[in-house]
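> Spelled out from the first residue to the last, the chains are:
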Amino acid sequence: MAFKIDNFRHYVDLIDDWDAFVDACKRPLPVVIWANPLRREVLGRLNHADGLPFSIEEDQTGGDFLVARLRARGYECEEVSWYPGAYKFLDFPKPGRTLEHLLGIYHVQEEVSLIPSVVLTPRPGELILDMCAAPGGKTAQISVAMASEGTVVANDVRIDRLRALRSNCERLGLLNVAMTGHDGTRYPLDDGPFDAILLDVPCSCEGNIRRGIGADYEPQGTFLTGRSGLQATLLGRAWKMLAPGGRLVYSTCTFAPEENEMVLDYSLRDDAHIQPFHISGLTASPGVTTWLGRELRPDCANVSRFWPHSNDTGGFTVALVRKDVAN
Amino acid sequence: MKHLPFIEIDGEPYARWWRDRFDPVNDPFLRMRFYQRGRAKVWVGTAGIANLRSTRTDAVGIHLLRIGGRFWKPTSAGIVAFGGSARASVIDLDRHETVKFLAGEDVRLAKDDVRREVLPRGFIAVRYHGVAIGCAEWHGGEVVTSLIPKNQRIKKIDL
Numbered sequence: 025m026a027f028k029i030d031n032f033r034h035y036v037d038l039i040d041d042w043d044a045f046v047d048a049c050k051r052p053l054p055v056v057i058w059a060n061p062l063r064r065e066v067l068g069r070l071n072h073a074d075g076l077p078f079s080i081e082e083d084q085t086g087g088d089f090l091v092a093r094l095r096a097r098g099y100e101c102e103e104v105s106w107y108p109g110a111y112k113f114l115d116f117p118k119p120g121r122t123l124e125h126l127l128g129i130y131h132v133q134e135e136v137s138l139i140p141s142v143v144l145t146p147r148p149g150e151l152i153l154d155m156c157a158a159p160g161g162k163t164a165q166i167s168v169a170m171a172s173e174g175t176v177v178a179n180d181v182r183i184d185r186l187r188a189l190r191s192n193c194e195r196l197g198l199l200n201v202a203m204t205g206h207d208g209t210r211y212p213l214d215d216g217p218f219d220a221i222l223l224d225v226p227c228s229c230e231g232n233i234r235r236g237i238g239a240d241y242e243p244q245g246t247f248l249t250g251r252s253g254l255q256a257t258l259l260g261r262a263w264k265m266l267a268p269g270g271r272l273v274y275s276t277c278t279f280a281p282e283e284n285e286m287v288l289d290y291s292l293r294d295d296a297h298i299q300p301f302h303i304s305g306l307t308a309s310p311g312v313t314t315w316l317g318r319e320l321r322p323d324c325a326n327v328s329r330f331w332p333h334s335n336d337t338g339g340f341t342v343a344l345v346r347k348d349v350a351n
Numbered sequence: 434m435k436h437l438p439f440i441e442i443d444g445e446p447y448a449r450w451w452r453d454r455f456d457p458v459n460d461p462f463l464r465m466r467f468y469q470r471g472r473a474k475v476w477v478g479t480a481g482i483a484n485l486r487s488t489r490t491d492a493v494g495i496h497l498l499r500i501g502g503r504f505w506k507p508t509s510a511g512i513v514a515f516g517g518s519a520r521a522s523v524i525d526l527d528r529h530e531t532v533k534f535l536a537g538e539d540v541r542l543a544k545d546d547v548r549r550e551v552l553p554r555g556f557i558a559v560r561y562h563g564v565a566i567g568c569a570e571w572h573g574g575e576v577v578t579s580l581i582p583k584n585q586r587i588k589k590i591d592l
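In order, the protein sequences belong to chains A and B.
Mind the numbering: the first sequence is residues 25 to 351 in the working numbering, read in order.
Mind the numbering: the second sequence is residues 434 to 592 in the working numbering, read in order.
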């Protein structure tokens, strides 16, 4: 779909630099990969055989040695400053067709979509739900951050997407992931409560504009149309399964407040607190607290919006919500 | 689609079979849990599944073995994850052979190929540069059959 800037015209007041935004949307996205620490040993053996650096003790993520390997084949890259072991490439035409990819030594994932799992701060031993998990990049980040201790339940309602999830989890050698195929809106409550939940909901994908996938979002003008209803139902269900004191990350790859702040405002009650977070090296804009003439929860200001021009990435909106400890 | 529940099982028989078949340098299943779904599939991982009472569980950890047939069959994913230090039932391929193997094509073993001498028949681990890359089948003839799953085969892989 062709780039239609008019689809975004109504966000003009939310964007600090409209021209920079338009400019960024027209540039192609770099390819971003992150090195999988679970496969460091495999990487070490390959490098050893090829006469490249291989002592894995010196390289926590395996990233440096992976880069040495890919550079030797002519793929130049630079570090993603805020994410250890992640790199961006301007010219890496088929990153899914290398032996390293097949062996799960790295995963290809857009830079902004690395954010939600980081904000979730998974800890070893926890029980974590990734409610709309496929194709599994964020699941993998969570599993790796937990050092395979504890359990990640990765759910997706669509069979074809579940298959992609499973193939990525197996390829990356994730040991602590259980995959389920529930409709998230009716997820069995018995399976919880979860210490943390990642809710990366289906959305209108406006933030993917630079991938050449145009947004299918048309400005609606009224709340709870389009995907907002589904998003609100998913959030309501997830909230019921979250343990007291637990944390939930709600994220979309879209700009529309109708799918972000308004969903949070509609679904969350007094036991929920949207919390600020900061990732050093990334520029975020605050969330909106009024939209379409509606006053939203004041803590919606703590939502982080990552516009394409702020960090030269795709677009993403992320909220960290904490649940009250039970009385 | 039929949904069968996953249950956690005692993995020792499967770990023992794996050790007998591949003679790994270290026990690759230390601190691992084993799971079974239906009669034919064994999975391995570290996830706790006691909470997952529903039958809509699709996978847990890594699918390791099929035990439904006359011979137990290791999966390619299982070999990549747990077959790295195999000393038996393993064949090392060169670059050219690896490209063919990963594309799902047969690899030819000449009659006088020394690799045949120590290779048992049946399901074998395949290695390139000392790294396990998948499962193959060999019955003593000239052909080593690639068992890389169809959806994971890559033509002309970038090595």
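If you're looking for bench data, these hints aren't it; they were derived computationally from the structure.
Predicted model only: the values in this text are computed from it and were never measured.
Do not rely on the hints blindly, as some may be mistaken.
Coverage of chain A stretches by chain B, computed from C-beta distances (three or more under 8 Å per stretch; other residues unrestricted) [stated by the list, open to error]:
| no. | region |
| --- | --- |
| 1 | 69-76 |
| 2 | 149-157 |
| 3 | 167-181 |
| 4 | 189-196 |
Quick reminder that beta carbons are idealized off the backbone N, C-alpha and C, glycines included.
> Evaluate each hint against the coordinates.
These are the hints, each one checked on the structure:
1. 69-76: It holds, with 5 qualifying residues against the three required.
2. 149-157: With 1 residues in contact (Cβ-Cβ under 8 Å with chain B), the coverage given for the region 149-157 of chain A is violated.
3. 167-181: Coverage by chain B holds here, the residue count being 6 at a Cβ distance below 8 Å.
4. 189-196: holds (count 5)
When held up to the earlier numbered hints, the structure conflicts with hint 2 and nothing else.
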